[in-house]
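S.K.: Residues per chain, in single letters:
There are 2 protein chains.
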Amino acid sequence: MKLTILGCYSATPRILTNPTSQVLETKGHMFLIDCGEGTQVQLRKHKVKFSRIKHVFISHLHGDHFFGLVGLISTFRLLTREADLHIYGPKGIKEIITLQMKLADSWTNYKLIFHELTSKESELIFEDEKVEVHTIPLNHRIYTNGFLFKEKAGKRKLNIAAVENANINVAYYRKLTQGFDVVNEDGVTIKNETVTRSGNKPKSYAFCSDTMYKEDIVPIIENTDVLYHESTFLETQAHIALRTKHSTAKEAAKIAKKANVGKLLLGHYSTRYKGLDAFKAEAKEVFEAVELSEDGKVFEF
Amino acid sequence: MKLTILGCYSATPRILTNPTSQVLETKGHMFLIDCGEGTQVQLRKHKVKFSRIKHVFISHLHGDHFFGLVGLISTFRLLTREADLHIYGPKGIKEIITLQMKLADSWTNYKLIFHELTSKESELIFEDEKVEVHTIPLNHRIYTNGFLFKEKAGKRKLNIAAVENANINVAYYRKLTQGFDVVNEDGVTIKNETVTRSGNKPKSYAFCSDTMYKEDIVPIIENTDVLYHESTFLETQAHIALRTKHSTAKEAAKIAKKANVGKLLLGHYSTRYKGLDAFKAEAKEVFEAVELSEDGKVFEF
Chain R
260 MKLTILGCYS ATPRILTNPT SQVLETKGHM FLIDCGEGTQ VQLRKHKVKF SRIKHVFISH
320 LHGDHFFGLV GLISTFRLLT READLHIYGP KGIKEIITLQ MKLADSWTNY KLIFHELTSK
380 ESELIFEDEK VEVHTIPLNH RIYTNGFLFK EKAGKRKLNI AAVENANINV AYYRKLTQGF
440 DVVNEDGVTI KNETVTRSGN KPKSYAFCSD TMYKEDIVPI IENTDVLYHE STFLETQAHI
500 ALRTKHSTAK EAAKIAKKAN VGKLLLGHYS TRYKGLDAFK AEAKEVFEAV ELSEDGKVFE
560 F
Chain U
260 MKLTILGCYS ATPRILTNPT SQVLETKGHM FLIDCGEGTQ VQLRKHKVKF SRIKHVFISH
320 LHGDHFFGLV GLISTFRLLT READLHIYGP KGIKEIITLQ MKLADSWTNY KLIFHELTSK
380 ESELIFEDEK VEVHTIPLNH RIYTNGFLFK EKAGKRKLNI AAVENANINV AYYRKLTQGF
440 DVVNEDGVTI KNETVTRSGN KPKSYAFCSD TMYKEDIVPI IENTDVLYHE STFLETQAHI
500 ALRTKHSTAK EAAKIAKKAN VGKLLLGHYS TRYKGLDAFK AEAKEVFEAV ELSEDGKVFE
560 F
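For the protein sequence lines, the chains are R and U, in the order given.
Okay, so the first sequence: first residue is 260 according to our numbering, each after it adds one.
Okay, so the second sequence: first residue is 260 according to our numbering, each after it adds one.
Bear in mind the hints are in silico, worked out from the structure with no lab data behind them.
Hints should not be assumed to be uniformly reliable.
Copies of the same chain are indistinguishable here, so a pair counts whether it falls within one copy or spans any two.
Taking lysine-lysine and the BS3-like style, the derived pairs with C-alpha atoms no more than 30 Å apart in a straight line are [to be verified]:
| id | residue 1 | residue 2 |
| --- | --- | --- |
| 1 | LYS361 | LYS473 |
| 2 | LYS313 | LYS361 |
| 3 | LYS361 | LYS504 |
| 4 | LYS370 | LYS389 |
| 5 | LYS370 | LYS504 |
| 6 | LYS539 | LYS409 |
| 7 | LYS533 | LYS308 |
Construct all of the structure, not just a fragment, from the sequences and the given hints.
M.R.: This is the structure in structure tokens:
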């Protein structure tokens with residue numbers, strides 16, 4: 260998985276800090292997660308081949324998470340896009356976008372497919388042979404979901420020496436990579452695990468923003484490789500976090516620890532702070548494997 | 260008048276080119292004209308004290324002219340603005356903004372006053388003691404207005420020597436600056452123009468974008484000091500200009516000439532062209548006093 264942070268600051272876009280948006284590349288997909296104002300310029304700046312985006316996931320309808328969406332949709336139209344575009348987001352998002360297209364008399368020349376979310380339980384919202392996407396119900400001032408991206412187990416790898424040794428016809432090799440037992444040239448059944456080993460470990464990524472500390476997301480995101488969890492504030496502003504339904508860096512780290520994730524990425528920083536080091540230091544007191552999101556940073560895992 | 264070009268390119272925002280937005284400062288006002296995506300960052304970049312904006316004029320509801328408005332409104336809320344904000348724009352603009360505020364459950368803490376425009380005739384939409392703003396009905400694919408900003412004539416200046424010579428009591432000086440005749444200490448009526456001269460010449464600015472060539476705007480913008488007229492294309496693409504209801508640089512110059520304006524500013528360039536020199540050259544063949552708008556450029560007149 261390759262994650263490009265386009266913006267990881269809260270509230271208003273500024274000259275050097277952008278509101279929330281990320282691109283996750285996995286198994287041939289390019290998933291766009293949130294789309295604050297200026298996202299299309301960030302995509303250009305970081306040389307993301309954004310015509311490849313086919314699925315956009317919007318966490319909630321606060322402006323710093325979706326004000327760039329209508330512009331991106333309209334740019335795709337100007338670039339004469341033909342591929343379908345799927346938008347996953349809270350109920351109301353379709354009305355916002357279509358109202359603006361109607362008043363501009365500018366309908367897209369490609370198919371725009373809205374998947375409006377209303378459930379308060381985690382649900383599977385996208386699936387193909389290689390990837391699943393589930394919602395992670397969060398607790399913010401308005402209806403909000405995080406998103407869990409899970410690769411499916413890949414093909415098993417052949418242990419070539421063992422396969423040849425077992426006298427298996429080459430026609431069965433594909434069955435073996437799919438995990439099946441096969442019958443060899445001598446009519447003997449060969450157990451799959453004796454001649455193959457597991458393929459690449461399927462990776463997972465959880466995006467949780469915006470939310471206050473919410474322990475019941477732990478079972479959903481347990482053991483994910485990378486968790487992005489918002490940390491708008493430091494503990495010194497815990498009272499503001501509580502009032503505005505955001506999290507502190509320490510709270511993000513507590514969730515990471517309880518969920519036993521591989522790595523925690525902090526983000527959605529309030530622009531009131533001068534630097535980001537204090538966020539990392541605060542989280543590290545609770546959970547060791549912490550990294551800071553920064554606009555333009557790329558994480559591969 | 261001081262005009263700051265925040266963005267003067269058409270269609271999609273790019274790394275170095277911004278969609279339409281301008282700030283006009285005159286007589287203590289800071290008028291924002293159009294507000295494409297990224298305008299709030301451009302305001303910061305060019306150090307415009309944008310909390311002073313009280314009136315926003317939106318020409319039409321194509322995204323490159325207003326997708327930045329909802330973000331600016333929401334930033335004003337975060338900056339705890341208290342002053343009223345007036346929005347002038349086509350019918351529908353109120354629904355777009357309020358729908359997004361409703362779904363975000365984020366109403367402004369200041370008064371947002373919409374003035375929705377529907378008239379196809381030029382109308383006076385703003386007036387105080389010092390300035391008037393009139394619409395300029397344009398011809399584009401959807402309902403569009405340009406805007407004419409006119410300073411009112413200022414106070415007359417006293418010719419001090421003449422006033423003293425005429426034996427006028429100092430109590431009447433204010434009346435004289437307002438243009439009235441007065442009676443002097445000897446009971447003689449003194450004609451105003453014999454003891455005063457006209458004050459600063461009132462300035463005017465006309466913004467015309469987007470529009471195809473439309474000669475009947477000439478009487479409205481006649482003799483304005485500065486005209487910004489869109490020139491999306493060069494004559495070599497005149498057929499595209501016609502089809503998309505835009506103008507060429509030559510057509511902009513023809514309007515400037517017929518209206519006898521002081522200076523023509525070109526803008527709203529299609530991003531298909533490599534440089535801007537050809538726009539200026541083409542317009543200059545018809546009208547001499549041409550300048551190119553560029554993002555960040557400031558014109559004082």
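S.K.: Next step is simple, just say for each hint if it's right about the structure.
M.R.: Hint-by-hint comparison with the structure:
no., hint, result
1, LYS361 with LYS473, "between (39 Å within a copy, 25 Å between copies)"
2, LYS313 with LYS361, "both (22 Å within a copy, 28 Å between copies)"
3, LYS361 with LYS504, "between (34 Å within a copy, 18 Å between copies)"
4, LYS370 with LYS389, "within (23 Å within a copy, 51 Å between copies)"
5, LYS370 with LYS504, "between (36 Å within a copy, 26 Å between copies)"
6, LYS539 with LYS409, "within (26 Å within a copy, 55 Å between copies)"
7, LYS533 with LYS308, "between (32 Å within a copy, 22 Å between copies)"
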